[in-house]
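Chains as they are written, first to last, in the numbering used here: chain A, 1 to 247; chain B, 1 to 215.
None of these hints come from the bench; they were simulated from the model. Everything hinted at is true.
What the simulated footprint calls covered on chain B by chain A, stretch by stretch (three residues with Cβ under 8 Å from a Cβ of chain A suffice, anywhere in the stretch; the number is not a length):
hint: 1; stretch: 56 to 70
hint: 2; stretch: 99 to 107
hint: 3; stretch: 149 to 162
Across the chosen pairs, the derived CB separations fall in these ranges:
hint: 4; chain 1: B; residue 1: 130; chain 2: A; residue 2: 144; range: 44 to 54 Å
hint: 5; chain 1: B; residue 1: 78; chain 2: A; residue 2: 37; range: 25 to 35 Å
hint: 6; chain 1: B; residue 1: 54; chain 2: A; residue 2: 37; range: 22 to 32 Å
hint: 7; chain 1: B; residue 1: 130; chain 2: A; residue 2: 82; range: 37 to 47 Å
hint: 8; chain 1: A; residue 1: 73; chain 2: B; residue 2: 90; range: 33 to 43 Å
hint: 9; chain 1: A; residue 1: 2; chain 2: B; residue 2: 77; range: 47 to 57 Å
hint: 10; chain 1: B; residue 1: 123; chain 2: A; residue 2: 37; range: 26 to 36 Å
hint: 11; chain 1: B; residue 1: 184; chain 2: A; residue 2: 72; range: 18 to 28 Å
hint: 12; chain 1: A; residue 1: 66; chain 2: B; residue 2: 77; range: 57 to 67 Å
hint: 13; chain 1: A; residue 1: 141; chain 2: B; residue 2: 87; range: 56 to 66 Å
Cβ coordinates follow ideal geometry from the N, Cα and C atoms, glycine included.
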Amino acid sequence: MRKILEIPLDEARPDQDAILETQGIPSGKELTEDVKALLERAIDLFLEFSKPKVAISDISIPGFEALYKGEGLNEQDTPLDEIITKADDLALFAVTIGERVSEEIDRLFKANEFALGSMLDSVASAGTDKAADTAESRYFDLLSEKGRITSSKGVLRFSPGYCGWHMSGQEKLFEFLRPEDIGISLLESYLMKPLKSISGVLVAGDKDIFVFDDSYPFCSECRSRSCHKRIRTLLKESRSDKKKGVM
Amino acid sequence: MDILKEISVRLQQGDDERVCELTRQAVEKKVPPRAILDEGLIGGMNIIGERYKAHEIFLPQVLLAAKAMYAGTDVLRPLFVKEGMPAIGKVVIGSVQGDLHDIGKNLVGIMLKGAGFEVIDLGNDVPPERFVETAEKEDAAVIGISALLTTTMPVMKRTVDLLEEKGLRTKIRTIIGGAPISEEFAKQIGADAYGYDSTNAVESVKRLIMANESD
Ligand code: B1M
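Turn these sequences into a full structure, and let the hints steer you where they fit.
Printed below as a string of structure tokens:
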């Protein structure tokens, strides 16, 4: 199965906390009127200029194991090494909200509208993440239609550049997935164009398989640690399964 | 209120229109342009920088103030045509070759200008040769390089190496920053400083310039 889907804008609209986090504003902080106005304007611009799309393509577990080796530069021991072996289904994915938002951010900075430009950048980053969350649910729905997944299971994504998966993994991922069809190209530096894009693998399986101890040597260098929140969200409905790890 | 103080206060409130108006009034009242710049505009931005560092205000307020500062300096610029806008130092900045991510570098540039530096922004995807040639031609004291992904980090080293080859390592200092960069990496490639964020970058550039002046 290979699918290209448009994501409705309301499903890519990010939550306020996710936006403000990139602006360095702590969750729950009372916003001043000028910041509230900026936020509203930036969300409007995001809705005007984004065109979220996702490409999803099934891949077998042996197929992914070969692809995951990439250029041989991954960390020696990674969470995915073990998670893949316990997974039911896998699919590669790439999402983008398109180039127009980045062009608008650029224009705003050039017009000295730094605060709005920066706020739009945060909305766009959080919106791309939200679009990737939607890719997870779409994959769940696709598997569900085929009777391959039940509500007690879950889908979680992993990306090159995270959790010991080297950035050079983008090369093989792109060869297989061909996200050029949704307008994403890969530069020599492994950067994707448009900038507001995310690539990776969607892993479907028992929720338990995703719980890992975040004490790998590379975890200390990770600036994002988004695994905590994502795994917690996935396990929300089965908190009794709580184990030692990123919970 | 003293007009310079009022410029500073309005700037801190991010009121760009009022800052523009007050700067014009100050010029008409024959307040020396240098004083308007240093005490009114840069003075206001310095307070903003301090309050940001103390987490009393956040990025949006800093950027609204920066816009107000630019509105004021636009009024002053024609008055400095002959000698050029006074600056505490010249910095060439850009995102490393292979990188299209601008925002981090833009924020650093805005804060540097706010602190009174002249900033030459080369944009993104900048090869080492262009950084070095520009810095040499413009007689800049510092080159600042930003990166989003680890994969472009080796090109940062090439810029430092190129300065070394040309015998410019002690004349032109380097600062690097961006999400995947660390202090350790900066040391490893021989960069003179690492900037964790935009305010920290300004402090580091000031230190680099002071060190160069005392050499
Ligand atoms: C000259 O002197 C100086 C001094 C200071 C300097 C400086 C220069 N330049 C910057 N600074 C400093 O001052 C600035 C202001 O404070 C700061 O600039 P920044 O540019 O860092 O800050 C921006 C203003 C705001 N910050 C950011 O925009 C980056 C924040 C984090 C969370 C992040 C975000 C938001 C995003 N990302 Co992603 N992302 C991460 C980041 C992790 C983190 N917490 O830093 C990072 C950069 N991402 C990463 C990855 C892997 C990726 N991301 C991707 C995607 C995304 C989003 C689209 C979701 C989003 C937007 C990206 C964008 N740049 O537009 C992908 C790449 C996108 C692409 N186009 O190729 C993808 C490759 C994942 C994938 N496979 O899809 C990691 C890179 C790791 C690596 N090995 O290089 C990463 C460090 C997260 C991690 N694993 O810890 C400072 O760094």
